[in-house]
Amino acid sequence: MSPTPREYNKMSEKAAPNSKLWKNVGMAFLVGGLICTIGQGILSWTQWLGLSQEEGGAVTSIALIFLSALLTGLNRYDDLAKHAGAGTLVPITGFANSMVSPALEFKREGLILGVGAKMFSIAGPVILYGISASVLYGLIIALFH
Amino acid sequence: MEWVITFGKAFLVGGLLCAIGQIFIDKTKLTPARILVGYVVMGVLLSALGVYGPLVSFAGAGATVPLTGFGHLLATGVQKAVAERGLLGALTGGLTAAAAGITAAMIFGLLTALLFTPGDKS
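Here the protein sequences come in this chain order: A and B.
Counting in my numbering, the first sequence runs from 1 upward without gaps.
Counting in my numbering, the second sequence runs from 146 upward without gaps.
Hint data in this document are derived by calculation from the structure and do not stem from the laboratory.
Cβ coordinates follow ideal geometry from the N, Cα and C atoms, glycine included.
Partial list, computed: chain A residues near chain B (C-beta under 10 angstroms):
hint	residue
1	A96
2	V115
3	L143
Here are the computed distance ranges between Cβ atoms for each label pair:
hint	chain 1	residue 1	chain 2	residue 2	range
4	B	K225	A	G110	34 to 42 angstroms
5	A	L139	B	G198	19 to 27 angstroms
6	A	A117	B	G264	15 to 23 angstroms
7	B	W148	A	F144	38 to 46 angstroms
The shape of chain B in the complex, shown without the other chains:
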């Protein structure tokens, strides 16, 4: 039964974070690019304030999969790097933590562009 709760929490929190984004899109006409930038920066901020960590413990992928989770990953990466290497860590922590995701998106993006043909946009 425990897995039902785990998955339920991921669904609920992840869904809510997306629903908030939809309200922003419909009410403010923010472009997708601005929404994504806002979510990442908000994730860094909430993580720095110590709010996002507990949400991740509660909701798992429901908090890490939305782009605020990407911001949280950057913030925890920088935290760890500064603890290990001091000031230099402020410059290396973010990209180091995000390396897998960003690189995967670049490589799969390149492969998709090479292997597939653009679809009909109509």
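Chain A on its own, in the form it takes in the complex:
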């Protein structure tokens, strides 16, 4: 009896779970590392231009977010994400993609509840809990220092 494709997938997953994991981790490392290297290129360039550390960091983020939005609009970022996993998710470009991709996809549901609301389905929680953690930290240093 030959296995159905689904059974075959299960069998191969059982046989080689680690090789798949290491392939995914390797791709994430490579693509994530490359995105950070591009970021370093922009950051080094802003420092060469004489911008402060803070300004340079902001320009780097804005440039990466712009590139991510453009590639998302051209439908390229999601293609890359299929292979790179966390390599395209964890960098700031992934945060930008999490806003741009649903905004574009739900365009047909209108500008308010489509673009406007779906843009924050992932970014909303990220901003909420990030800001909350920073407020907690701010309270601690304001009260105890």
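Since the structure of chain A is already known, use the hints to place chain B on it.
Okay, now just chain B, sitting in the frame of chain A:
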């Protein structure tokens, strides 16, 4: 030769932070949203503990580009704001520091949604 080291460190640390995220995705089935929330909150925590600052000095964009760097930005923003304005700074520091990134993502997101047509998802 110095730039090779600078770029190498950014590649290595940035790649490692992403690789850790991939292990979480594969081993725990955490959704992307949870990974991103976790990275930002972890960045705030590590920055508050004084661990993330030295990593940024070492790896540059390798530490600031991953979302933990976004958390670090929030924490340093709040630190600065509290030093300048006291308790009120605890409420203003985070968003002020993150304003450029969040606003850029909103504006480029809106423009992309307006200018492009959704692609075929198949």
